[in-house]
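*Asks:* Starting from the known structure of chain A, arrange chain B on it as the hints suggest.
What follows is the residue order along each chain.
There are 2 protein chains.
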Amino acid sequence: MIRRLIPRCAPRSAAFIAPRRSSLGLFPAARQYSVSPEVASQTKLQDIDPTKVVVNKTGTPKPLLKAEDLVFGRNFTDHMLTVEWDQATGWQKPHILPYQNLSLDPASCVFHYAFECFEGMKAYKDKDGKIRLFRPEKNMERFNKSAARIALPNFNSAAMIDLIAQLAKLDSRFIPEERGYSLYLRPTMIGTQKTLGVNPPGSALLFVIASPVGPYYPTGFKAVSLEATDYAVRAWPGGVGDKKLGANYAPCIVPQREAMSRGFQQNLWLFGEEEYATEVGTMNFFVAVKNKQTGQKELITAPLDGTILEGVTRDSVLSLARERLAPEGWNIVERKHTMGELAEAANEGRLIEAFGAGTAAIVSPVRHISWRGQLVNCGLKEHEESGEVATKMKNWIEARQYGDDAHEWSYVC
Amino acid sequence: MIRRLIPRCAPRSAAFIAPRRSSLGLFPAARQYSVSPEVASQTKLQDIDPTKVVVNKTGTPKPLLKAEDLVFGRNFTDHMLTVEWDQATGWQKPHILPYQNLSLDPASCVFHYAFECFEGMKAYKDKDGKIRLFRPEKNMERFNKSAARIALPNFNSAAMIDLIAQLAKLDSRFIPEERGYSLYLRPTMIGTQKTLGVNPPGSALLFVIASPVGPYYPTGFKAVSLEATDYAVRAWPGGVGDKKLGANYAPCIVPQREAMSRGFQQNLWLFGEEEYATEVGTMNFFVAVKNKQTGQKELITAPLDGTILEGVTRDSVLSLARERLAPEGWNIVERKHTMGELAEAANEGRLIEAFGAGTAAIVSPVRHISWRGQLVNCGLKEHEESGEVATKMKNWIEARQYGDDAHEWSYVC
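First to last, the sequence lines map onto chains A and B. Heads up, the first sequence is in the numbering used here, so the first residue is 43 and it goes up one at a time. Heads up, the second sequence is in the numbering used here, so the first residue is 43 and it goes up one at a time.
Excised from the complex, chain A in its bound form:
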């Protein structure tokens, strides 16, 4: 029996109903939670103009670290990109300037009310030495959605991609040639209004910093073990768990530390009485099972119902699965699925594999999930660190990221 966690929509007079986005119809007759984009988006003023960028190159280039010494997000390149915005004029001239501290009034609203959102994306060096981004338009689309949800300004995606490409090219010496290395790019937008009233920010700063990173698995895959987590809840219908807001991250650290204290690397975030499996740590979550009735192989992930981050890697995995696994007989499914289903499949030998999917690792294979005192085995043999689907996905996605598999997902800077 599926119990409804989502309340019914009560009849109301039209005058007081906020405009709603269309839902995915996952909960027929369910209340639709959303915030109208009409009210969320700011009046269009001056947009970002990449032709007006002012480039101020560093006079003291940093020495390069050895490739093997790179740690995710710890070292940064010579330059950063900044674009200021204010509500009177819109976006100002972009600047590429030496990496440096930000100087902000202590009353700035980013410090008090979490007016902040970000993106994670990478630049790759292909075999011809060209710099490539991976599906940057998806990141910019999501960045704009995140910003609008917290009353920060929107911008022209193509203009921002152009600027990010300029930054990646300028700092391309930081990107090692070897496969698996890349330049992690962190576009971030913060509210800079320096008053304490809880109001829409009248000024903002968009900045991009870049950190050279090595392969997530330098010596091959390493499967993780998860703790199914119900005592803390990452996202809720009507909340902001589908947006890439800073607000979604700090609250996950203590539960992660609890999981680690019991020997698990990450949380598997469950939701509701049904114990839906939603996300793993900061990644989307996929399971491959054999259907109980038909025996057909299924690749399942949670649907974009407002509580799941719209992962670019998630979308890429689904797309490649539909293109390459479906013809082999796989059923590719976006649906709510529970921890109970997963454990049942494991107990019945029908759980093929499970993995997280995100920009940092591409895929992160899962060995065990601790749930209700049992350790659910996710299908890996003792000597295995990754299942077949996860391995294929990593290779397929990397081939497109590095341009070996020529595809529109790859954007040449």
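Read the hints as simulated data drawn from the structure, not as lab findings. Don't take each hint at face value.
Intra- or inter-copy, both count: the list cannot distinguish identical chains.
[Claimed, not checked] When the alpha-carbon atoms are kept at most 25 Å apart in a straight line, the in silico BS3-like pairs for lysine-lysine are as follows:
| hint | residue 1 | residue 2 |
| --- | --- | --- |
| 1 | K332 | K264 |
| 2 | K332 | K434 |
| 3 | K180 | K339 |
| 4 | K211 | K172 |
| 5 | K104 | K236 |
| 6 | K135 | K169 |
| 7 | K434 | K423 |
| 8 | K99 | K236 |
| 9 | K187 | K378 |
| 10 | K135 | K94 |
| 11 | K180 | K135 |
| 12 | K211 | K94 |
| 13 | K236 | K211 |
| 14 | K434 | K169 |
| 15 | K99 | K180 |
| 16 | K378 | K169 |
| 17 | K108 | K236 |
Keep in mind the model is a prediction, meaning the values are calculated, not measured.
*Replies:* Same frame as chain A, but now just chain B:
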């Protein structure tokens, strides 16, 4: 019929159960959501020591604004307080220094993952010119709880109150003598770790800024109208809505703007299918009704079930009500109450009044609530801007804040 939105607690082996705080028993047989303080709190290192404060007075004191030109949180005093923390040594020497910008690496985790929490409190000048804080130990207790929930460090409350008192005294010339004026104090803690991994911050900054503020109602009370809001959800069980985290604020702005676009000043945040009335804007919410069965007058507010901010003003209102209204026959109740109940009481002439309660306004009387297309009248006559209970509460609390009613709640600096 009450439908259960909260999932049942499933039996699990003890080994994998996170330690739980006791619940208020509001949902018998309900899952208890919480994060264990044992894991949340950091190992104790060097604590904050107010005797070691380094005071560096400004050489360019700011001119004072005219009292009538003060706007909440827009202008700040000459000085600020800063205390740095790092995981190797703990809290460093406190500094009182001229109000100035913060200089932070753009990779600082406060910009990306919302490692930030704050407090709101006030300093008052009494009739003898002494500076008084109001229940500062409550603020510091909550500040520590908020910090621990996002893996930021804790500190000795008495030490911080001492430092805040020093700052308030040093900048006391900014506090106008007149009743209703005060110095709004904003203690804030941010994570300053400058790496992009989603991990507990290894360094943090605690700072306090101060803004002279005028009376919230310079020309007397002005009742507000609310929009009952269900399409966006402020807080949920297992979330962080009971902590004063930046993360709880930015997501409320767009719904507030939507409400304003329809002529309502604030949101009344509803929760769940039952449409529980939880908070109003950034304040706790009180209703005064006549009991349907007994006719007894009741002052009702939502209980501290993990989705409600533990307001200091809320606590003060409850305490004063128990001390002074209960003997007059009032029943003072912390319980879940629904928008439906409230509308029913209004329709039956049993709704006496409704108000928000928070540090900024003390109390904020409510005229109407828009709900399902009806305008629920909250008991004020057309010419009235405040009900009797709200008016009394404002006077009673102010009397203690300004020291006219000598009481342990008032802390003389």
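*Asks:* Give a verdict on every hint.
*Replies:* Cross-check of the supplied hints:
1. K332 <-> K264: Close inside one copy (24 Å), not across copies (64 Å); limit 25 Å.
2. K332 <-> K434: within (18 Å within a copy, 67 Å between copies)
3. K180 <-> K339: Neither way: K180 and K339 sit 29 Å apart in one copy and 57 Å across, limit 25 Å.
4. K211 <-> K172: within (9 Å within a copy, 61 Å between copies)
5. K104 <-> K236: Close across copies (17 Å), not inside one copy (33 Å); limit 25 Å.
6. K135 <-> K169: neither (34 Å within a copy, 53 Å between copies)
7. K434 <-> K423: within (17 Å within a copy, 70 Å between copies)
8. K99 <-> K236: For K99 and K236, the Cα distance is within 25 Å only across copies (22 Å; inside one copy 30 Å).
9. K187 <-> K378: Only inside one copy: K187 and K378 sit 23 Å apart there, 34 Å across copies, limit 25 Å.
10. K135 <-> K94: within (6 Å within a copy, 45 Å between copies)
11. K180 <-> K135: Within one copy only: 24 Å inside, 46 Å across.
12. K211 <-> K94: Within one copy, since 17 Å is at most 25 Å while 49 Å is not.
13. K236 <-> K211: Answer is between: at 24 Å across copies they meet the 25 Å cutoff, but 34 Å inside does not.
14. K434 <-> K169: within (21 Å within a copy, 76 Å between copies)
15. K99 <-> K180: Answer is neither; intra-copy 29 Å and inter-copy 50 Å both fail.
16. K378 <-> K169: neither (41 Å within a copy, 63 Å between copies)
17. K108 <-> K236: Between copies, since 20 Å is at most 25 Å while 41 Å is not.
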